[in-house]
Amino acid sequence: MQTYDRDIILNKITRALNVILKAIVIVIFIFPFYWMVSTSLKDLTEALQFPPTLIPSSFHWENFTHVFEVVPIAQYFKNSVIVSITVLVLQYLIIVPAAYSLSRHEYRGKKLFFGLVLLGQMIPQQITFLPVYFMFSRMKLLGTLIPLIIPFISNPFGIFMLRQYFMQIPQEVIEAAKLDDASNMKIMFKVMMPMAKPALVTIGLLSFISTWNNYFWPLIMTSSETLRTLPVGVAALKSSETLQMWNIIMAGNVVLVLPILIVYIVASKKIRNSFTYSGIK
Amino acid sequence: MGTIQLKNVKKQFDKDVVIENLNLDIEDGSFTVLVGPSGCGKSTTLRMITGLDDPTEGDIYIDGQKVNDVTPGKRDIAMVFQNYALYPTMTVRQNIAFGLENKKVPKEERDRRVKEICEIVGLTEYLDRKPSKLSGGQRQRVALARAMVKQPKVFLMDEPLSNLDAKLRAQMRVELIELHKKLGTTFVYVTHDQTEAMSMADTIVLMKDGYIVQQSSPRELYNNPNSVYAAQFIGTPQMNVLRDALPDGKMLGFRPEKLSFREMEAPHITLRVQVATKEMLGSEIIYSLNSKYGTLMAKTDYEIGGGAEADIYVPFSSMYLFGQDEKRIELDDTAREQIKSVFAE
Amino acid sequence: MKKKERSASEKRDRLLGIVTASPAAILLCVFTVYPVIYLIYRSLFSGSLISTKKEFVGIDNYKEILFDETFHKVLMNTIIYTVLFVGLTMVLAIIIAVWLNGSRQKKLNNMVEACIFTPHVISMVSVSIVFLWLMEPDTGFFNMVLTSLGLDKFPFLSSPSTAMISLVLVMVWKSVGYYVLLVMAALQTVPVSIYEAAELDNTPKIRTFFKITLPMISPTILFTCVVASIASFRIFDAVNVMTQGGPVDSTNTLVYYIYAYAFRYGNPGVACAAGVVLLVLVCIMTYVQFGVSRNKVHYQ
Chain A
93 MQTYDRDIIL NKITRALNVI LKAIVIVIFI FPFYWMVSTS LKDLTEALQF
143 PPTLIPSSFH WENFTHVFEV VPIAQYFKNS VIVSITVLVL QYLIIVPAAY
193 SLSRHEYRGK KLFFGLVLLG QMIPQQITFL PVYFMFSRMK LLGTLIPLII
243 PFISNPFGIF MLRQYFMQIP QEVIEAAKLD DASNMKIMFK VMMPMAKPAL
293 VTIGLLSFIS TWNNYFWPLI MTSSETLRTL PVGVAALKSS ETLQMWNIIM
343 AGNVVLVLPI LIVYIVASKK IRNSFTYSGI K
Chain B
2 MGTIQLKNVK KQFDKDVVIE NLNLDIEDGS FTVLVGPSGC GKSTTLRMIT
52 GLDDPTEGDI YIDGQKVNDV TPGKRDIAMV FQNYALYPTM TVRQNIAFGL
102 ENKKVPKEER DRRVKEICEI VGLTEYLDRK PSKLSGGQRQ RVALARAMVK
152 QPKVFLMDEP LSNLDAKLRA QMRVELIELH KKLGTTFVYV THDQTEAMSM
202 ADTIVLMKDG YIVQQSSPRE LYNNPNSVYA AQFIGTPQMN VLRDALPDGK
252 MLGFRPEKLS FREMEAPHIT LRVQVATKEM LGSEIIYSLN SKYGTLMAKT
302 DYEIGGGAEA DIYVPFSSMY LFGQDEKRIE LDDTAREQIK SVFAE
Chain C
749 MKKKERSASE KRDRLLGIVT ASPAAILLCV FTVYPVIYLI YRSLFSGSLI
799 STKKEFVGID NYKEILFDET FHKVLMNTII YTVLFVGLTM VLAIIIAVWL
849 NGSRQKKLNN MVEACIFTPH VISMVSVSIV FLWLMEPDTG FFNMVLTSLG
899 LDKFPFLSSP STAMISLVLV MVWKSVGYYV LLVMAALQTV PVSIYEAAEL
949 DNTPKIRTFF KITLPMISPT ILFTCVVASI ASFRIFDAVN VMTQGGPVDS
999 TNTLVYYIYA YAFRYGNPGV ACAAGVVLLV LVCIMTYVQF GVSRNKVHYQ
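Protein chains in written order, with this note's numbering: chain A, 93 to 373; chain B, 2 to 346; chain C, 749 to 1048.
Treat the hints with care, as some may be off.
[Stated by the list, open to error] Pairs of lysine-lysine, DSS-like flavour, derived with a Cα cap of 25 Å: (1) B:Lys131 / B:Lys154; (2) A:Lys202 / C:Lys759; (3) A:Lys278 / B:Lys183; (4) C:Lys854 / A:Lys114; (5) B:Lys131 / A:Lys362; (6) B:Lys104 / B:Lys116; (7) B:Lys168 / B:Lys183; (8) A:Lys114 / C:Lys759; (9) B:Lys328 / B:Lys341; (10) B:Lys104 / A:Lys202; (11) A:Lys361 / C:Lys855; (12) B:Lys75 / B:Lys16; (13) B:Lys168 / B:Lys11.
In case anyone wonders, no lab produced these hints; they're calculated from the structure.
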């Protein structure tokens, strides 16, 4: 009886320990974001003061108006939105037919095409950027947002994932639609696309997040300030005249983080599942 | 009019010839069942009628019109698939109305027809559910309703009951027969189950290795099989065929339910047997009997102990004679004499 | 005659397949195949970024990086970074995943998972800037905490000896949540009955982990390590935002080197040659990845 009691106590201790450890882990991963927000609301003296204050003594919202004055952050934001949304929409026009073709048609060169899709997944931007830079330079397109959009609309991962989904659709369902006198277009839009909806959502989420966050590509492909996207603009904040003005830098950073954070909070589970799928495919 | 003709049809997948040369006539309004073991070409035949597969050679006619180049959707047919093949993202209503929408049937008529059909098959309260929320039997009904609503010339069914449990299957069998009577449309039904074929069909097309063994009514197929294959395909236990008893490779067949342990008046032969196993079915007993010519099956209400020896009697009127090529041959007087002399020894 | 009609419908089907595939195929050719070929071709030329004039120099660009001590350091750094990052991340990810998997506080676990995954969806730029601020040598939060505890300040990114490990820590913080999810997915594939059998055999938990869990998930872990390594070769964002490769090249990595050669020193020929080195590395690792993934399938 006594050992039984001891077991219960031991159990309670383990559970409490578990809760404490988990709380610590949560703090480790949330604190930097908290610190970012907190700094963005302090004045510069308080931001640099020792000992640091966890909660700003007064909220300096003017940091945000300030950051909009020092750099054209509204322009960056607009560019980021244009690029992310355009890539998101245009890619469906490319990858849906491509995935359909790979899953439902037979033709010579299909294997080659599939190889291309795999190659596209394998070769990173960090290898292709110089030749692509030269290409857009020769085409005199570096002064536009096109170099930030076109290379990403043939999303090979999207084609690959959608192909898997289309292939799982039972042949009989498509045959039933054919017997119901549905056209190819109708089969695509009324039968196959609704069945592949989870894949389409996953592809959209992953594409939006990665385009929004992309720093490397826009850094290389944009020379003028008016074409910069948020990550490039915010990264540049810490050099120029805002040097060491951490409260202003953090305010800019909040603008960059917030949209993705909102998307993540709304669709946390869905996004995590999407990333898990992309990792174990 | 829902007649179907296949003329000199050949079907080949890559190098595999599935059907060599098939000629088939299906009458308007008939309930035709294509039956045979898996791989006999029955499903391929059905798919060629639908147009989902094209014949390699030969022509297909529906209602007297050649349909080789008509797309499946325009052939005025409907099909019920083995796994139902419902559209999972659509509600029951949308599933049923999909074909009508594609045919540009006006909305009011569409709604009316969907409602009508659902009352017939008893789906009215499930109209707004997705297929995943339905039981197997209900899905089956949706598949049926989806086919019926199109008012096609021909109904095609590919093993539609094989995913149901035994009780539901029996019930659906009856319902399908009634439905056929009510609609009077041509039904073409594919199955590997001889019981299903016998109980539902008015014409059975028995197939094997891509050709038709026999096409006739169930009664005719049972009473007058044209070959050993046809004779043994129908009936459980299958027909006893004595392969070594007669000279010249001739074979003698008789059904287990037609032999008797009781002495009879009618002209007959007698065989000495020993009871090997005994299987009680209730109203009847199935015996397996050891005889001079191998194991024989018997189905009778006569009681006899296991291991016991007995005489069995087979009347000439229930005998079938097959030639060396396993085809049926006539049981004429000479043959009777021959058999008599063999079994008199 | 009939044959012809039939092949016409087949032809249409084939044509539709090719038509629907071609936009993607063309884009992939233009932005993947052509760049790879051009990269190799361009690495044999000198010339500048701005003018289109270039001169064939054979393997001179390769010679240049071969004898460039910075390049040696860069390669070394990239490998050290990869080993540290992958090793640390995977060990932490396995520990956290097994820990979460084994405890029953479902709601809390979900919260922990959501929190440790958050940095993965946030841009590398934001994370770099925040940590640059946290690791600031004088006024940064970390050093203020160390000071108030009476400890010495830690130089973090400002000293050549500690910059690399600081960089690795930031990257581990950003990525570990993602790998926790992957390991947890692998853990889900281990049948519960095996654990139950082990429990009936009175197996200690540590032994269960090393003798059952780890061997069961090791094929997936190996595969994940290879994929993580390939991703590590490409590190650039954090380096460019936090250290620009410094101090004294202590965090200079391959992609940063390529970038700097092209856009800082205006020598795209050498940059392309270094790019080819990256290409070779990626190819080798992808080959390994396919080998490992075949193994993974075989295991299951």
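Now for the hints, and whether the structure bears them out:
1. B:Lys131 / B:Lys154: violated (28 Å)
2. A:Lys202 / C:Lys759: Holds, at roughly 15 Å.
3. A:Lys278 / B:Lys183: violated (33 Å)
4. C:Lys854 / A:Lys114: holds (12 Å)
5. B:Lys131 / A:Lys362: holds (23 Å)
6. B:Lys104 / B:Lys116: holds (18 Å)
7. B:Lys168 / B:Lys183: Roughly 23 Å separates the two Cα atoms, so the pair holds.
8. A:Lys114 / C:Lys759: The hint is violated at about 61 Å.
9. B:Lys328 / B:Lys341: holds (21 Å)
10. B:Lys104 / A:Lys202: Violated, at about 34 Å.
11. A:Lys361 / C:Lys855: Holds, at about 13 Å.
12. B:Lys75 / B:Lys16: Not satisfied, since the Cα-Cα distance of roughly 30 Å exceeds 25 Å.
13. B:Lys168 / B:Lys11: violated (38 Å)
This entry does not satisfy hints 1, 3, 8, 10, 12 and 13, going by the numbered hints stated previously.
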